[in-house]
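Using the sequences plus the hints, can you model the full thing?
Those sequence lines, one after another, are chains X and U. Here our numbering is used: the first residue of the first sequence is 23, the next is one more, and so on. Here our numbering is used: the first residue of the second sequence is 333, the next is one more, and so on.
Keep in mind that the hints were calculated from the coordinates and are not lab data. Bear in mind the structure is a predicted one, so any value in this text is a computation, not a measurement. One should not assume that every hint holds.
[Claimed, not checked] Straight-line Cα separation of at most 25 Å, DSS-like style, residue types lysine-lysine; simulated pairs:
(1) X:K24 x X:K46
(2) U:K512 x U:K363
(3) U:K503 x X:K24
(4) U:K503 x U:K359
(5) U:K487 x X:K46
(6) X:K72 x U:K399
(7) U:K363 x U:K503
(8) U:K443 x U:K485
(9) U:K485 x X:K46
(10) U:K443 x U:K389
(11) X:K72 x U:K443
(12) U:K389 x U:K440
(13) U:K512 x U:K394
(14) X:K72 x U:K487
(15) U:K524 x U:K359
(16) U:K394 x U:K363
(17) U:K399 x U:K359
(18) U:K396 x U:K370
Residue-level listing of the chains:
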Amino acid sequence: MKDPRLAAALIAKIGALCPQLLDKVYPFDAPPPSLGPYATYAFIDRVPVKSLRGLSALTMRRVQVDIWDQDDERGSKNAFMLQGRRDVPGLDQFCGMLAFPAVAGFSAGELAVEYVECSSPTEAIEPAIDGSERGWNRYSADYLITYIEG
Amino acid sequence: MKLTTTIRGAKDLTLTISELEAKHFRKAARKAVNEGTKLILAAAKANVSIRTGSLRKSLGRKVKAFKNGTGYYGIVGPRKDNKAKIAQSVRDHAAGKRKTILKSRFRKTIKYKGREITVNPVKYAHLVEFGRRAAVVRKRKVMSDGAVVFGTKIKSIPPRPFLRPAWDQNKAAVEAIVRKEMAKAVTEAGRKSGRGKR
Numbered sequence: 023m024k025d026p027r028l029a030a031a032l033i034a035k036i037g038a039l040c041p042q043l044l045d046k047v048y049p050f051d052a053p054p055p056s057l058g059p060y061a062t063y064a065f066i067d068r069v070p071v072k073s074l075r076g077l078s079a080l081t082m083r084r085v086q087v088d089i090w091d092q093d094d095e096r097g098s099k100n101a102f103m104l105q106g107r108r109d110v111p112g113l114d115q116f117c118g119m120l121a122f123p124a125v126a127g128f129s130a131g132e133l134a135v136e137y138v139e140c141s142s143p144t145e146a147i148e149p150a151i152d153g154s155e156r157g158w159n160r161y162s163a164d165y166l167i168t169y170i171e172g
Numbered sequence: 333m334k335l336t337t338t339i340r341g342a343k344d345l346t347l348t349i350s351e352l353e354a355k356h357f358r359k360a361a362r363k364a365v366n367e368g369t370k371l372i373l374a375a376a377k378a379n380v381s382i383r384t385g386s387l388r389k390s391l392g393r394k395v396k397a398f399k400n401g402t403g404y405y406g407i408v409g410p411r412k413d414n415k416a417k418i419a420q421s422v423r424d425h426a427a428g429k430r431k432t433i434l435k436s437r438f439r440k441t442i443k444y445k446g447r448e449i450t451v452n453p454v455k456y457a458h459l460v461e462f463g464r465r466a467a468v469v470r471k472r473k474v475m476s477d478g479a480v481v482f483g484t485k486i487k488s489i490p491p492r493p494f495l496r497p498a499w500d501q502n503k504a505a506v507e508a509i510v511r512k513e514m515a516k517a518v519t520e521a522g523r524k525s526g527r528g529k530r
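So this is what it looks like as structure tokens:
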């Protein structure tokens, strides 16, 4: 089941955490028009969370977030800003409300997020050998978002 | 207000469990990991998208021990093609004697633009799982097998994950298996130690 609110909330959150990626977050299969750094997201999985009493109202979604940049230093900085560190909060270990703008069928609002966990830490993938001098560095991470789908 | 509780035998119990851990739980841990990987593998095989069928066929599992002996871990993923293991002896009628041919289990030869190319699941499984971005190749020979230049543009491939959903869907079941095997091992260890003390 597709939930456009989560995608919209995720785009807004990535933009808020990394100002350089503001309005530069795209679905994985949609090619970006910009040449600068950008981020892509792909929803991988949707697993209903079970409690001891059976199915709970929570849903866990795994989302793959990739940051693409030709500048290695800037890309890794953005990736770590998105993930967060001990002193700088990021998407990892986030809990609370995620604001989303108005999307198809839904007016602007907030999503109640139980917990966000970075299940595989940001991994830098070497640019592919394509014969160019500067390839695209990729910083890939998986986030498990547990939220009330409603 | 201060409350004090005394648990008789707690120290002995902790000692007994720590003594038992290495020798009695090792087998149970291995069994639990082995059973867990079976579930993950079955789910991964069900999830994987099929083009030639090589990737699905190559998916396998193994259980390994940590080098420091602290436990076991399971690996599920595409296997390498070890040709030497599946050498087949066939009769060569022209030469009038038997010869050994090496067969590949997972690599497959497919036709691409009228030319036969070999696909190796180990080399593209990560691209199926994580996807890849579109690229324009500057040097034509980069996308070449030495004889044929396949093109200068690479299309973006969206991720078609098969391993991560397999883990997400079976995480709870694997945890239950580990719990069950460990509980069984504790009972067994207690029974054995009780018998030994008598």
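* Would you mind confirming whether the straight-line C-alpha gap from X:K24 to X:K46 stays at or under 25 Å? => holds, 21 Å
* Hint consistency between U:K443 and U:K485 [alpha-carbon to alpha-carbon, up to 25 Å] -> Distance ~19 Å between U:K443 and U:K485 Cα, so the pair holds.
* Distance restraint between U:K396 and U:K370, which requires alpha-carbon spacing of 25 Å or less -> holds, 14 Å
* **U:K485 paired with X:K46 [C-alpha distance capped at 25 Å]** => Answer holds: U:K485 to X:K46 is near 23 Å, not above 25 Å.
* For the pair supplied as a hint, X:K72 and U:K443, is the alpha-carbon distance within the 25 Å limit? -> violated, 47 Å
* Asked: Is U:K443 close enough to U:K389, meaning Cα to Cα at most 25 Å?
  -> holds, 19 Å
* Asked: Does the alpha-carbon distance linking U:K512 and U:K394 stay inside the 25 Å limit?
  -> holds, 21 Å
* Below or equal to 25 Å on CA atoms is what counts here, so check X:K72 against U:K399. => violated, 35 Å
* Assess, step by step, whether the Cα of U:K389 is no farther than 25 Å from the Cα of U:K440, and give holds or violated. => Between U:K389 and U:K440 the Cα gap is close to 11 Å, so the pair holds against 25 Å.
* Asked: Is X:K72 within 25 Å of U:K487, Cα to Cα?
  -> It is violated: about 39 Å lies between the C-alpha atoms, which goes past 25 Å.
* Hint consistency between U:K487 and X:K46 [alpha-carbon to alpha-carbon, up to 25 Å] -> Holds, because 20 Å separates the two Cα atoms, which is no more than 25 Å.
* Asked: Going straight from one Cα to the other, do U:K363 and U:K503 come out at no more than 25 Å?
  -> holds, 16 Å
In terms of the numbered hints stated before, the structure departs from hints 6, 11 and 14, listed from lowest to highest.
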